[in-house]
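Engineer: Here the protein sequences line up with chains A and B, keeping their order.
The first sequence begins at 1154 in my numbering and counts up one residue at a time.
The second sequence begins at 58 in my numbering and counts up one residue at a time.
Misleading hints may appear alongside valid ones.
[What the hints assert, rightly or not] With a straight-line cut-off of 25 Å between C-alpha atoms, the simulated DSS-like cross-links for lysine-lysine are:
id, chain 1, residue 1, chain 2, residue 2
1, A, 1240, A, 1269
2, A, 1289, B, 138
3, B, 138, A, 1235
[As the list claims (entries may be wrong)] Calculated from the model, a selection of chain B residues having no Cβ within reach of chain A, i.e. all distances over 10 Å:
id, residue
4, 112
5, 176
6, 188
7, 236
8, 253
9, 260
10, 266
11, 270
Hints listed in this document are in silico derivations from the structure and should not be mistaken for laboratory results.
Since we're looking at a predicted model, the values are computed, not measured.
Ideal Cβ positions, reconstructed from N, Cα and C, are used throughout, including at glycine.
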Amino acid sequence: MLYLKDLTIQRGNKIVFSNFNAVIRSGYTTLIKGKNGSGKSTLLRAIAGFTPLEKGTIKQDKKDIFENNEEWVENLIFLDTKNGLSKDLTVAENLNAWLTMKGWSSNKEIIKMALKSVGMEKYAELYISQCSEGLKKRAALSRLYISFINKVDFWILDEPTNELDTASLVLFKKLVFNFLEQKGTIIIASHDQTIIEKNFYTLDLDELKNQRVS
Amino acid sequence: MNSVYSSWSNIFIAHVKRDILTNSRSLIDMISIVGFMILIIILFPLGLGPIQEKLNIVSNAVIWVGLILAIMPSLEKLLQKDFENGWLDQIATSPIPLEIVMLSKGISYWLFILIPLIITSPIFAILLDMDLKNIPWLVISISAGSLAISLIGLSGSALILGARRGNILLPILIIPLMTPILIFGVGVNEAININESPYGNLFLLLALTLVYLVISPFISALLVRIAIGR
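Can you make the complete structure from the sequences, with help from the hints?
Structural biologist: Here you go:
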């Protein structure tokens, strides 16, 4: 369980959240909904431990995620609209760099299987600079497959399905399904409410914020 | 405990490898550094005129100033690229502290500029009519000094992340910090020229390099955290 308590988050001079409370349930998909600019991405970046809080705490069970940051991020996969892929490297090299950066073992077999899970095995040697947006997103999503080899508890995904075609969307749903099977927790911010079919609940930021005001 | 340390070093090496691989794919940066230095070194003697003694006095300083100016354009891209493509967010989820990751960035940038510099600096020295006995000392002092310059550059690069017009701001902010490196680096060969021991200046240069080796990763990590927290 992840407890967000009295969060106040400021971006520049604008207060995005003030005294915001929510609970993220383990073993479920939390779908974060909200209109543009409602702070979906900001909330995800705060949960990942990137955006500092003005006030409040985010606790995983009893542990504060900012105080135990290295422990928290170790079992976390964060993916936002910036994919974190270097355009000077190939798809396979990017995945290899990411794996070793996370301290996980990497070999040809693992990379092949991870790329296969998103239908990218044909594009392993393609440079990111030559990839379309959809291919880039799939290359980034191939990291999710690593959760089935190493210990990963959390996925934080920001608009993961925007550029995906129907076939890759099916593969993505399969990854999500398998991760929930092994009791993983997923937090997704998306406009598309249909990407998750079961074991999910929505967190509507517009509603939750209005409740605070009234 | 032992396994923890070995995995730390493995992750550190993984960061260095990835940066060297990315840098080696965009060789234009390396070529531009060397090219810029060649231009400075060709233009200087032409500007000085035909009196050889003048050249002997300034040759040492020209190489160091050339080096500092030549790496400026590549410094601004050092972290900017990874910031834009989201890699800095990803390395914030690396199990090793961000300070260590920043140290790896500094080291890999140093290795990246060091190789062309060590190969070309003797050639520059000959072009500038430097005494042959000075060349080994030049290579040593440039090797040590360029590490300090890389680390200062790393902090500067972290400082301008997300700033507009950062490329104009960067040299103004970091060149003042590089002046001690320049003074002691030039001092090594100046001491040789007047038949004194170069060790005094060299050790001061090394001491400064060690100071930056300690403080620069902390400053850079702090600045990167601010940049990705915005």
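Engineer: Could you run down the list of hints and mark each one as holding or not?
Structural biologist: Checked hints:
1. 1240/A - 1269/A: holds, 21 Å
2. 1289/A - 138/B: Between residue 1289/A and residue 138/B the Cα gap is close to 16 Å, so the pair holds against 25 Å.
3. 138/B - 1235/A: holds, 12 Å
4. 112: holds, 40 Å
5. 176: holds, 23 Å
6. 188: Holds: least Cβ distance 41 Å, greater than 10 Å.
7. 236: holds, 33 Å
8. 253: Non-interface label on residue 253/B holds, nearest chain A Cβ at 46 Å vs cutoff 10 Å.
9. 260: Fine: 36 Å to the nearest Cβ keeps residue 260/B off the interface.
10. 266: holds, 27 Å
11. 270: holds, 22 Å
In the structure shown, no violation is registered for any of the earlier numbered hints.
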